Every structure is written in C-alpha cells, then in structure tokens.
Amino acid sequence: MKETKNWQEMGLTDTEYQLIVDGLGREPNYVELGMFSVMWSEHCSYKHSRKALKMFPTTGERVLQGPGENAGVVDIGDGLAVCFKIESHNHPSAIEPYQGAATGVGGIIRDILAMGARPVALLNSLRFGSLQNPRVRHLFSGVVSGIGGYGNCIGIPTVGGEVYFAPCYEANPLVNAMCVGVVNKNHLMKGQATGPGNLVILVGASTGRDGIHGVTFASEELSEASEKKRPSVQVGDPFMEKLLVEACLELVENDYLVGLQDLGGAGLTCATSETASRAGTGMEINLDLVPLREKNLTPYEIMLSESQERMLLIVEPSKENKVMEICHRWGLNAIAIGRVTDDRILRIFKDRKIVAEVPARMLAEDAPIYSPLAIEPDYIKEISSLNLDELSEVIDANRVLLTLLSSPTIASKEWVYVQYDYMVRTSTVIHPGSDSAVVRIRDTTKGLALTTDCNSLYTYLDPYVGGMIAVAEAARNIVCSGARPLAVTDCLNFGNPEKPDIFWQFLKTIEGMSEACRILQTPVVGGNVSFYNERSGSPIHPTPTVGMVGLLENIDKRCTLEFKNQGDIIVLLGNSFNELGGSQYLLLIHDLVKGSPPALDLQKEKSLLETLYQAINEGIINSAHDLSEGGLAVALAECCINGSLGARVALEKDNLRIDALLFGESQSRAVVSIMPDKIPSLWQLAQKNGLEINAIGYVGGDTLHIQVDGQEWVNLTIEEIEESWKKSIEKLMS
Amino acid sequence: MLYKVKVIVMPRKGILDPQGQAVARALYTMDYKGINSIRIGKHLEMEIEGENQQVVEETVKEMCEKLLANTVIEDYRFCIKEA
Amino acid sequence: MLYKVKVIVMPRKGILDPQGQAVARALYTMDYKGINSIRIGKHLEMEIEGENQQVVEETVKEMCEKLLANTVIEDYRFCIKEA
Amino acid sequence: MKFGVIVFPGSNCDLDAYHLVKDVLGKPVEYIWHQKNSVEGFDCLILPGGFSYGDYLRCGAIARFSPIMQEVVKFANRGGLVLGICNGFQILTEVGLLPGALLRNKDLKFHCQYVHVKVENVNTPFTNLIEPERILKVPIAHGDGNYYIDEQGLNSLSEKKQVIFRYATAEGTVSNEANPNGALFNIAGVISEKGNVLGMMPHPERAGEAILGSTDGLYIFQSLINSLERL
Ligand SMILES: Nc1ncnc2c1ncn2[C@@H]1O[C@H](COP(=O)(O)OP(=O)(O)O)[C@@H](O)[C@H]1O
Ligand SMILES: [Mg+2]
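Chains as they are written, first to last, in my numbering: chain A, 2 to 735; chain B, 2 to 84; chain C, 2 to 84; chain D, 354 to 584.
Bear in mind the hints are in silico, worked out from the structure with no lab data behind them.
These numbers come from a predicted model, not from an experiment.
Idealized CB from N, CA, C, for every residue including glycine.
Please note that the accuracy of each hint is not assured.
[Stated by the list, open to error] Chain D regions said to be covered by chain A (calculated; three or more residues, Cβ under 8 Å): (1) 365–373; (2) 434–447; (3) 460–470; (4) 477–491.
All chains should be modelled from the sequences, with the hints used to inform the complete structure.
This is how it looks when you write it as structure tokens:
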C-alpha cells in the first residue's frame, strides 16, 4: 500500500504508475515518481495529442528543423535562418496575470535562445471574457503590462498579436506568446547532450521553491483549488534573462557549446532527461552543486522547481574556463553540476547518495500515448442551421458599422500595443496595427513578416473549416505586407481532451489546419498544445492560434493597409457570398452564434495570395488589407482611418443581402488601392491567377461613403468612425 | 471615526524577489557588507472612516485580499490607529 | 551583532503619487467609500551585521541617502531592532 | 571625433545608438562597457535607453554607482558632451548631472508611441542646427518619464533656458493632451547649466531613417557633430 496516493496526487493514473514500475523493474522512489509525474504530464509528454499532431505537414525545402527541438527553424537565405515558436501560459495568467504573462514571454524567449538564435521579435495572442466584467479588466490589464514589462525590459520588440473577447474565456483567459529569432545557419544549436564526459553546466538564476508542479497544474482544469496552488506561479526577472541571452549568444558565436537547452516546464528534470534522451546518452547530476535561493531544498524540489531564467549548457571540459569567463563577465552564476555519460541513465546525486536513477529516454519519450475517443458534439447540429430568410435585414448600416468598429474584438488594439516597446532594435519597419508586422534583417535587404491569427467562433461552429481559415487568414495577413508565407507554429488551446467532444474538435481542427498548410505550402515547424482550458466543466472555444512567419525579399517593397493617395482606385479582390454564419455581425447585431463559418476554397485562396504577392512586389498597388471580422465595410473603414483619407465606394448587390455584402466575412478577399494607370497590370495579374476582381470606388474626401445599386448605405466622417474604432478599448478600461 | 491605516505587502517567502536581489547586489558592490536577505515590498498609508476599529479591520482585510495584495505571490499585514 | 532593519520610502509630500491615486480610484469603484489620501511607497526589510545599534543606524542612513531613496522625490524613515 | 556608447548589462538601445552613429551618420563610435574605468579618447558619450541594471528600485538608481559613471561624471565636469536618452536621462538625474527626477508615468502605463516635441533652445551643442521653435517627431518608449522638479528648480531651469524639449501637438501647441506622461511643464528634455549634458526621454536614435517613420532625430546628432567639428 505504500505511497498509493502519491502518484494520483501528482496526476498519474494507476496504469501509468504500473508502466513506470514495469519499466524500472521496481517501484520508483519519491523523487523519481515526481520526475515521472512532471515528464509524463500532458504538458511535457503530449500524451493525448502526439498522434493527432502527426497529421501536420512538417517538411519543406526550407525547413531546417521541424517539430521536436526547442523551436522550428527555416532557411531564409544569406546563410541565415529564422527560428520561431509559440507557447501558452494560460493557467498561470489566470491566477497572477502580470507574472503569469511575463514568465510566459520569458519562457518562449529561452526556447528561441536554445536554438542559438538571437530573439528579434515577440508576438502575443490573447483571449478574454467581456470587458464589462471588472475581473476581466483586471486580468486584461495585468496580462498586457506583464507582457510589456518583460519584453520591454529585455529589449525585444513586441510587434504584433491579436486580442479577442468572448464569454467562453471569462474564467479561462488565453495568453499565447510567440518569439522569433534569427540565427546564422552555422551557429544553429541543438538541445542535445552529446559526448560522454562533457560537462553539464547550469547558468542563470538560482533555484527556488517556485513553480513546483507547474506543468501538472497546466494539465488540469482550473478550479477553486488551483487558486491555492501558489507555488505554481513564478516571478520573472527579465534583467536576468537579458544577461542570459547575451551570454549564451556569445558562447554560441564562439563555438564553445556542444548543446544548449532552456529550463522551462518541469525544470531540471526536463532539461536533463530531454537533452540526454535526444542524444542517446545519460547524465550524472550532483544536486549539491545547484545554486539554491533558499536553504534546505529537497532533491524532489530541486528537480521539479520551475525557477525562471536558467539555461543548461553542454560543454567540452577543455572549454569550461572560457565558458565561465563569459558567464561571469555578464554577471551570471554558472557551475558544472554534472557530466554526460554513455549509459543512457539519468543519475541524480545528493550528499554523495543516488537519489534518482532512471533511463533518460523513459522520462522523455516513453510516456504512454493515448488515442482518446472522439465524438461529434451535439451542439454542432443544433447551431449549424441558420436560415438567413428569418434574419431581418439591415436598416441603419451606419449604426451597424459603428457598433462593429467599437466592439473590442474589432476595435483598434492600440491601447494594448502602445504598452509594448515595438521599436527597440530599430528594425520594425511595419508597426503593429497593420495586417502583419515586418522586422528588417540587418545587413540584408530582407524582412520577416509576422502574424498570429485564429477566429475561434469559426472553429467552434466547424473546427475543420475554422482550422483551415486560421491558416489561410494568417497567410493572407503575411502576403498583405508583401511577404511570402514560410511556415507555421501553432498553439492549440482546447478543453479537456479526455472528453470525446473536445477531442473531436481537436482532431477536426488539426485536419483542417493540415489541409490548409499542405495546399498553401506552409509546413508546421513547431508548436504547443494547451488542454484543460475549462472551468467548472465549461470549455473554451477551440482556439488553434496560428503563428506565421513570412519572408519579404526586399523591405522597400513592403505594403501596409492604409489608403495613401487621393484618387487611388479601390479594388476588391475575390468573391462575396451570402455568408453570415459565425460573423461578428451576427454576433453583435443579432446576438447569434450560429450557422456555418464562411466556406474556404484553398485554390481560390492561393489565387488571391499569388495575385497580391505579385502585385505588391511589382509595385502595382499602394495598399492592401485582407477582409476578416466585420467584412468589407470594416476593412474599408480601417483603410480610411489609418490613412486619414475618405473613400467613395459603389457596390452592386447582385443576389446578395445588404448585410452579407457589407458585413459578411466571405474568405479569400482583400481590398487594395491603386493608381488609375496601374489598373491594367492588376487585371492582367488577376486574370493570370484566375481571380475575380472589381473596382469598387476611389480614395478621397473626408467621409466613408458606400452606396449599393445607387442607394446610399454608409455615410460617416472619418472622424466619427475613428472615434468609435480607436478609443473603444481605452474607454472600457478607464 | 477616522483611522490611520498602514498596509505592508511583501513578496511571499520562497517567491523570487528580483528587486530585493538587485538592491542586495548593488549594496554589496557599494561595499556595504554583512547584509542578508533584502526583501522589498510595498508600503501603503491611508486614512479611512469607519464605525469602530473592528469594522475597519475587516474592511482593510477585505481590501488587501481583493486588491492590494495578490496572495498567490504576496503576503500582507496591516496596522490601524485612531487618527 | 545581527540587526533587523525596516526602511520605508514614501513619495514626498506635494509630489504626485499616481499609484496611490489609482488604488484610491479602484477602491472607490469597488464601493469602499470614506477613504482619504492613499500614498504608496516602498517597504524594505533586511538583516545587517554591525558592531552596535549606532553604527548600524549610520550605515542605514547612508544607504538610504545614497541608494534606497531619491530625496528629490522621496522621504525615508527606518527602524532597527536586534535580531 | 569619436562617440562612445555606454553599455550597462541591461541597456537595450545601445545597438540602436551605435547603428545610427556608425551606419547612418558614418562617424566613429565604440561601445564602452560599464565596468571600464576610463573614457579616454572619446569626444561625446551617449547613455542609451534600456534598463541598465534591471531598473529595480528606481530607474537608473543602481547604474549610478557603476565604475563607468564615475568617469562619465568627471568627463562631464570637464565639459565633455554627454547625451542621455530615456534610461540615460534617468541615470543622469540620479547621479546629479541633471536636476529633477523622473517619476512613473501618470497613468502608470508604459508608452511606446510617436510624440512631438518643441525645441525651446537652439543655442546648445545638441540643437544648434535646428530652427527655433521647430517641432520634431520622435518616439518615446518608457514607463517612467514623468519629469519632476520643485518650483524653485523649475524657475531656475526656465531662467537659464535649460528646458530644451517640451511635449507639444504636431502644430506646436504645448498642451495637456500632448503630454504623454504627466511631465511637469511638459518637459521632455533638459540640459545642464553648463550646457554640455543633455537628457531627454524621446529617442532620437529611433528617428534616424525614413524607413522607421521619421528622420527628425538626426537634427540632434548632426548638431552634435557640428559642435564637435567646431571644437
Ligand atoms: N496583443 C497584441 N499585441 C500586439 N499587437 C496587437 C495585439 N493585438 C492586435 N495587435 C495588432 O493590431 C492589428 C490588428 O489586429 P487584428 O485585428 O487581429 O488584425 P487581423 O484581423 O489583420 O489579424 C495587428 O497589426 C496586430 O498586430
Ligand atoms: Mg488582417
């Protein structure tokens, strides 16, 4: 009967415990059990998701590193590669918004650093409940200042992201942070402990009691009890992380390292077992040497602590002195705590005694893989039917437009991003506020276009189509800046996978995303799964955040969304349909979450992307903005506001409803503005790519004026629409 | 009655206090030796109207729990005096 | 001897304390009424080795003047106890 | 002529200042590590933005005691030109080379945005190529830029024309709505009495290339180069 309860308390099932006993050929001791419990937690082992993730296309000509390492890596020419990853920090942020979000940023930076890359940009994808709720406002402002607090201090610009507000996130906000780095291909690192005899050096912050079992906490539903899980939340020290970044990059550039690994979830246990397992080696670690923040930490605590701002270095003994010198110059503690062995066993010593002795691979790779049951949820059928004929038509389109523009999900996110230093490193050549941010790459003509996207209303209504759209929308945002999409990192935020309807959402979403990634040739090179986003049994909408990176060959060709010149012709690319399911219009005006999301034809999407890409790179168009939430009218308003220019637009109704025409969210569309003499070139391009385009008006005046078949529907001054759009979040927050 | 209230909010034991550490390091390099364990928190002073000491105590406690401290990472204590 | 030192650093009188104001506003909207003049400063706790109370006092004063407070904008006070 | 960019371990605009001087303006520039004990051979020192030593306690409070700052003070007292940007400005007030202090922004939030500043005094080594009353568009990025000084100090600053930049609208009106952080008298930058040490919250080094959105920051660097050449 001994320790019967221990494994259950640590989140392991009886069967999993038996697997451990069988694998070891004996019962694990307490320290070992703790190590297994964190490594076999959902967060570290991906035991429920691993199989499904295999559906993603992960290879491509430019892919240098797909999933499996600390971050994905893609070749961008000139001997350089881009390295990026997105990760969730949802549960900690729900409990302590500032530190939860801050340490989320810190964690993702270390993943990029572990590849040997210089972090050059951060993004964040956020989801909250309604801002009417004071608790939500507290979470929102805490998360935003936490993200800013960390990124601003460390000096990595936060250049983009997204924020959505919906009731399903009320108790379980989502905080996904993405980091992008650039690395000289010769300096790419791996998290591998190769070379028996090599030293294992721990550098950075000392180890404290914080964050023990953080990963277990992330692998459970939130509850009253989780508010009591105090040690699971950590406090970040961005200054320390800055020192770590600089020191590690100097070590990498000098070729002093054999392997490099961050300490994140599951702390030292994860870093040691994963690096050894990847290299097929073992490791001996002496816990007496680990610098501690307080006295009397037990081996269990030291192995499980998730103290922030630490890295693990694998170093040849002959280079130890040089490594130490660099670390000390940056004011960092560094100490060899062990060495690599050839017997594949992770052996932990304390007071000269072995306190844990486990095959490294067993911890890192041998967690059971589950194939949970997937059953289509009942709600899908109930809400998918939407009869447009029963829906009253728009009467006052001006009011509808202002309502949409001022809804926090659509409104300007300036309140958020002014709190982020998005300019530091003076490389941000498209600031937040456009479709994607662009960061120039020093000493080249190139730039990286960056975005995160996911409309979780769509994934809720139809996870397959919603998953496709998340990828397509990201690609559209990338192309609108003039870049070519390269690859994807994703953060799959879902409810409890052990529930069949949640797992069905999960599978369908991945199927949809995979299909889109295949057709659009944007392989998935890394990502993160966050399950158990529920509170009191009510799950969030499936939220597969797509982080996408694109390559702009020449930053002088970059394109932004705002109208630039009076007299430019406004052209709508793509087709509009009577599609209102899942739209913000339906939600905000008719209070309905219903219908099917707009259909997505990936071939059409490709035609749109090709046309936009070529048009921008041939210098044909002056602005480009994709259509997303709020449809055509909202997109036009955004082009006007940002350019401080009005527009006169005349549309034809054809067989469309007015609301669908103005506010519908049909996919694969964009508005561009163009000098009149460039029209023939654009038409040629569109024709070549099989894309329908229509000139719908021109830029000018100080109002947004839209008529349909000669009748005026929208007539608002730019000032009016700007007031609704720009100040909305600020007003709610003050 | 008017009461003077002082509230002290400190990082919890075991929780990293980067500020305290930075100051400790700075004092050390400034040649102040023999200093252990600096912790830095917040000090609030306010005046509050209340029926009696006990009522005020309850109010202040509630304010601390709800707003002034995040008990996940911070401890608080307070003292109340008639003004 | 080991001494326990507490240092309180407060915004000087007459100097805007936006943090205090923000907390006052938040408490007000949370329906705590009758609260006046919140000021927020820093609270430092440390242990320090020293020959005797007087020596420690001088050291702490010096530390405050040099580092812990910026006397252009802040006042400080401290208390020292044997540990 | 040689510029030096002081590098504290938490500086993060050191790269940007260096890049501007070297790549945009083509002038010699070197980094100077915070533990160095000499600034020999430099004609102008830049204290860049960032978080020097993490900026715990108060911004710039700890940086002030670094070895290099003792040299910066001597250099300034000899009349050397020192430009403190953002965190650099905070450090200069902490070390006493400039009067006043920088408090938390009035709304307690970090602000990264373009602002406009009105140039109040063009007879300084940092502004001599700028037309009087000219409005510059430059970004700010700080959480503690709320300039404070007591009344007497403010009077003295005004009298001696030590207020160099004030937050204004694009049209040049110095007003509350143009003040991003609550700074007293809309002060965005001040100069030392001798006129050789300038501290400013806005980042001129971020406004040095058209592709970044403004080139107004160049006026300040070109003025500096101009004064150094005349020396
Ligand atoms: N959390 C955030 N952090 C930084 N920038 C943000 C954030 N949320 C939104 N933005 C910026 O605001 C702009 C509009 O966002 P969004 O409406 O999501 O764009 P889109 O519909 O094109 O994906 C983008 O430039 C985006 O980067
Ligand atoms: Mg877009």
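Hints versus structure:
no., hint, result
1, 365–373, "holds (count 6)"
2, 434–447, "violated (count 0)"
3, 460–470, "holds (count 5)"
4, 477–491, "violated (count 0)"
Violated hints for the displayed structure, listed by number in ascending order: 2, 4.
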